[in-house]
Amino acid sequence: MKTGPKKRMYKCDRCYNLIADGEVPACIEACPEDVQTIGPRDEILKKAHALADEINGYIYGEKENGGTNTIYVSPVPFEELNKAIETGKGKPHLKPVEDTMAQANNLAAAMLVAPIAGIAAAVGKFYKQTK
Amino acid sequence: MDNGQSNARTISLPGRWFYLITILFLSLSGFGQMPIFKRYYIADIPGLGWLAEFFITHYIHYLAAILFLAFTAYMIIDYLLSQRKSRRMTASGYVRSALLAGILASGVFLVIRNLAGSHLSSDFIIFLDLCHLGLVMAFLFVSLYCFIYKKQWTTIR
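Line by line, the protein sequences are chains G and X.
Heads up, the first sequence is in my numbering, so the first residue is 1123 and it goes up one at a time.
Heads up, the second sequence is in my numbering, so the first residue is 9 and it goes up one at a time.
Heads up, none of these hints are tricks.
Looking from chain G toward chain X, a few residues come up when the C-beta cut is under 8 Å (computed):
hint, residue
1, 1188
2, 1189
3, 1223
4, 1225
5, 1226
6, 1227
7, 1229
8, 1244
9, 1245
10, 1248
No more than 25 Å apart at the CA atoms, straight line, and that leaves these computed lysine to any residue pairs for SDA-like:
hint, chain 1, residue 1, chain 2, residue 2
11, G, 1169, G, 1179
12, G, 1247, X, 84
13, G, 1247, X, 22
14, X, 93, G, 1251
15, G, 1133, G, 1210
16, G, 1185, X, 62
17, G, 1133, X, 134
18, G, 1185, G, 1165
Hint data in this document are derived by calculation from the structure and do not stem from the laboratory.
Just so you know, even glycine gets a beta-carbon here, dropped at the ideal spot from N, CA and C.
Generate coordinates for the entire structure from the input sequences, incorporating the hints supplied.
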């Protein structure tokens, strides 16, 4: 967290300036329980699965909302955790989340087809005219 | 320079309306993504509340982009196959084509940026955003000029 002279709070950027220097974010360095790791998503996912297998645990964030960039591993199922926490404004839940971009991704696929449809229509018109 | 005074057009009247309405919705939904309509209370005007809904403007932008891509491909191929012999592009036609090509190219990259697992550098994404917005502003002003001075895309050879 950075606070400026105007007492403004900024969104966490995972201390990208420290990461650029090959260091780890301040929260990871400060954590007494050493519960966090940071790295490329595929490596972190591998570690998460290894840890989940080891402790017979559960993973959150791999599939939720199409896959998030924070992956949680817990020995307690997340639906149980979700029941135990207070949710509301500024207090996120741990329920399953649909991929909010799934429909947009379908539309993106349609964008590939659209120019082909346009070309086909123009060629069709041309052949009708030349007949 | 050509004044494009000919009444014969490259495109049918329904085609013109299709183009205008697609561009209207692309512009509205595109500016809605910035997002400016809630901030400046335009979304408070009855009937315009949807302009402040992120996913609504996002889907409309994608849907209108699909129609616009199909329309653009149709116009290019139709011009090359059926109209190139009898008509040629005007200077303003070339300017508008170039601006639209830039808008489409940056738009395609922005769609790729939105796909899960895409890795574009943040500097490149900022460049794309500014490019897309800047070219759209230029295109709208050029279109306004062409509308006022009745400049056509093509003219008879």
